[in-house]
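Enquirer: Sequences are here, hints too, so could you generate the full structure?
So the sequences go chain by chain: H and E. Taking numbering that gives the first Met the number 0 as reference, the numbering of the first sequence is continuous, increasing by one, and the terminal residue is 311. Taking numbering that gives the first Met the number 0 as reference, the numbering of the second sequence is continuous, increasing by one, and the terminal residue is 155.
Certain hints may be false.
[As the list claims (entries may be wrong)] No more than 25 Å apart at the CA atoms, straight line, and that leaves these computed lysine-lysine pairs for DSS-like:
1. Lys-30(E) with Lys-86(H)
2. Lys-112(H) with Lys-37(E)
3. Lys-86(H) with Lys-37(E)
4. Lys-199(H) with Lys-118(H)
5. Lys-30(E) with Lys-118(H)
[Said to hold, decoys possible] Derived, one-sided and incomplete: chain H residues facing chain E with beta-carbon distance under 10 Å:
6. Gly-21
7. Pro-24
8. Gly-58
9. Phe-77
10. Phe-81
11. Ala-82
12. Ala-85
13. Ser-90
14. Leu-100
15. Glu-101
16. Gly-105
17. Ile-129
18. Pro-170
19. Leu-174
20. Phe-178
21. Thr-179
Everything labelled a hint here was simulated from the structure, so no lab data went into it. For every residue, glycine included, the Cβ atom is placed at its ideal position computed from N, Cα and C.
In case you want the letters, here they are:
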Amino acid sequence: MAAESQSTVGYIQHHLTNLTYGKLPAGYERLDDTGHVHEVLTTDTWTLAHSGAEASDMGFMAIHVDSMLWSIGLGFLFLLIFARIAKRAHSGVPRGAQNLLEMIIGFIDQTVKDGFHHKNAMIAPMALTIFMWIILMNAMDLVPVDWIPAFMAWATGNPHFFFKVVPTTDPNVTLGMGFTVFGLMVYFTIVKKGFMGFVKELTLHPFHSPKWYVNILLVPINFALEAISWISKPISLGLRLFGNMYAGEMIFILIATMFGAGLVLGIFAGVLQWAWAVFHILVITLQAFVFMVLTIVYMATAHQIEEEDQFH
Amino acid sequence: MNINLTLIGQSISFLFFVWFCHAFVWSYLRKAMEEREKQIADGLDAADRAGRDLELAQEKAAKQLREAKGEAAAIIDAANKRASQIVEEAKDVARVEGERLKAAAEAQIEQDVNRAKEQLRSQVAKLALVGASKVLEASIDESVHKDMVDKLAASL
Chain H
0 MAAESQSTVG YIQHHLTNLT YGKLPAGYER LDDTGHVHEV LTTDTWTLAH SGAEASDMGF
60 MAIHVDSMLW SIGLGFLFLL IFARIAKRAH SGVPRGAQNL LEMIIGFIDQ TVKDGFHHKN
120 AMIAPMALTI FMWIILMNAM DLVPVDWIPA FMAWATGNPH FFFKVVPTTD PNVTLGMGFT
180 VFGLMVYFTI VKKGFMGFVK ELTLHPFHSP KWYVNILLVP INFALEAISW ISKPISLGLR
240 LFGNMYAGEM IFILIATMFG AGLVLGIFAG VLQWAWAVFH ILVITLQAFV FMVLTIVYMA
300 TAHQIEEEDQ FH
Chain E
0 MNINLTLIGQ SISFLFFVWF CHAFVWSYLR KAMEEREKQI ADGLDAADRA GRDLELAQEK
60 AAKQLREAKG EAAAIIDAAN KRASQIVEEA KDVARVEGER LKAAAEAQIE QDVNRAKEQL
120 RSQVAKLALV GASKVLEASI DESVHKDMVD KLAASL
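Expert: This is the structure:
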């Protein structure tokens with residue numbers, strides 16, 4: 000058990016650190032486990048971080064290998080399975096996997112139709128991708144926290160090998176998706192209403208006056224309000240998912256620390272882990288659904304032309 | 000909790016997956032589902048049409064049945080009429096024939112009576128002559144008195 004060889008704090012920190020590959024600057028002092036300088040870099044070096052501190056010192060020029068691996072791997076898993084079934088889909092009586100897939104597609108399609116009344120063939124596939132991908136990434140939470148990291152430590156022969164398996168507990172992943180949705184929002188707004196329409200949306204709402212000299216005074220206020228409301232969208236989207244999954248993962252890790260503390264506590268921890276996993280299934284689907292619905296709503300806002308407001 | 004290139008990597012993979020999903024999952028499945036929806040709609044339409052066709056056919060059949068019944072009744076009527084007509088005709092023919100036969104028989108009878116009368120008359124004349132000749136014997140000459148006797152016989 001990992002908890003026996005490390006302190007509880009170290010165990011938790013180990014579980015919360017990503018496998019980071021990034022650039023360390025020249026002159027950087029690399030420390031060993033005991034805190035002594037064990038190597039001083041002579042040039043800028045791309046390398047795996049050996050500790051959380053190194054990972055943060057890498058700054059922006061670094062990548063979380065484990066997050067990317069799991070997120071892209073799960074995305075491909077979902078898409079390749081779905082594409083395989085979709086390719087063989089026929090209009091006869093649907094059976095087995097096709098039936099399940101059609102249920103999911105029907106559900107997504109209905110949700111999109113309820114929230115999005117414009118013509119855009121990309122929205123529904125996007126909603127499906129978000130829903131399935133996030134569900135799969137979140138579901139990695141249900142794998143007992145030590146299994147995959149312990150396996151990777153054994154496979155690499157390095158007991159301190161960092162390996163996080165739940166991509167959605169990495170804010171980069173959730174914010175990456177949030178900001179992509181934001182980018183698409185801006186893109187569709189400009190496509191639909193033109194660049195001036197986008198500027199007007201930012202500066203002439205919510206306060207508007209028929210007299211131009213009053214409007215000029217209102218522009219900065221409007222812009223401040225609108226900028227906050229726009230920026231808050233991707234951040235809330237990303238942080239909501241991240242927060243929920245991170246908290247859930249943290250509780251799994253805390254429960255896992257009890258496994259090393261004797262038979263009674265170990266059994267108690269097992270029951271707790273089971274109960275929390277059952278509850279977490281709800282969180283997993285709910286967070287995926289919330290992310291998807293909010294994306295649909297944001298896309299609908301981007302497509303909405305002001306004159307239409309009163310008719311919808 | 001570092002923000003780094005993972006953010007951009009995730010963003011690119013997200014866009015790629017959305018495109019992939021649109022191109023290889025969504026379009027195929029929606030096509031299959033829409034085809035099925037159309038098939039079902041067509042099937043329901045066909046069932047509707049078939050129901051209406053059935054109704055029409057039933058109506059037509061009922062109408063034909065009604066017509067046939069009417070025709071049969073008319074034929075039976077005509078046949079009845081014809082039958083009574085034939086009977087009447089037969090009666091007429093029989094009556095006429097009977098009358099004809101009766102007339103012929105009456106004529107035959109009259110003829111026979113006349114013949115008998117004639118015979119009788121001639122017999123009587125002969126008898127009278129014989130009788131008279133017996134009575135008168137020689138006094139009467141047959142050739143002389145024949146006319147007288149004949150007259151007598153004719154007046155009988």
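Enquirer: Evaluate each hint against the coordinates.
Expert: Now for the hints, and whether the structure bears them out:
1. Lys-30(E) with Lys-86(H): holds (11 Å)
2. Lys-112(H) with Lys-37(E): Judged against 25 Å, a Cα distance of about 19 Å means the pair holds.
3. Lys-86(H) with Lys-37(E): Answer holds: Lys-86(H) to Lys-37(E) is near 19 Å, not above 25 Å.
4. Lys-199(H) with Lys-118(H): It holds: about 23 Å lies between the C-alpha atoms, which stays within 25 Å.
5. Lys-30(E) with Lys-118(H): holds (17 Å)
6. Gly-21: For Gly-21(H), the interface hint holds, since the closest Cβ of chain E sits about 7 Å away, which is under 10 Å.
7. Pro-24: violated (15 Å)
8. Gly-58: Since chain E brings a Cβ to about 7 Å from Gly-58(H), closer than 10 Å, the hint holds.
9. Phe-77: The hint holds - Phe-77(H) has a Cβ within 10 Å of chain E, the shortest such distance being about 8 Å.
10. Phe-81: Interface hint status for Phe-81(H): holds (4 Å vs cutoff 10 Å).
11. Ala-82: holds (4 Å)
12. Ala-85: Holds, about 4 Å.
13. Ser-90: holds (4 Å)
14. Leu-100: Holds. Min distance 6 Å.
15. Glu-101: holds (6 Å)
16. Gly-105: holds (7 Å)
17. Ile-129: holds (8 Å)
18. Pro-170: holds (6 Å)
19. Leu-174: holds (6 Å)
20. Phe-178: holds (6 Å)
21. Thr-179: holds (5 Å)
The structure is inconsistent with hint 7 alone, although it conforms to all the rest.
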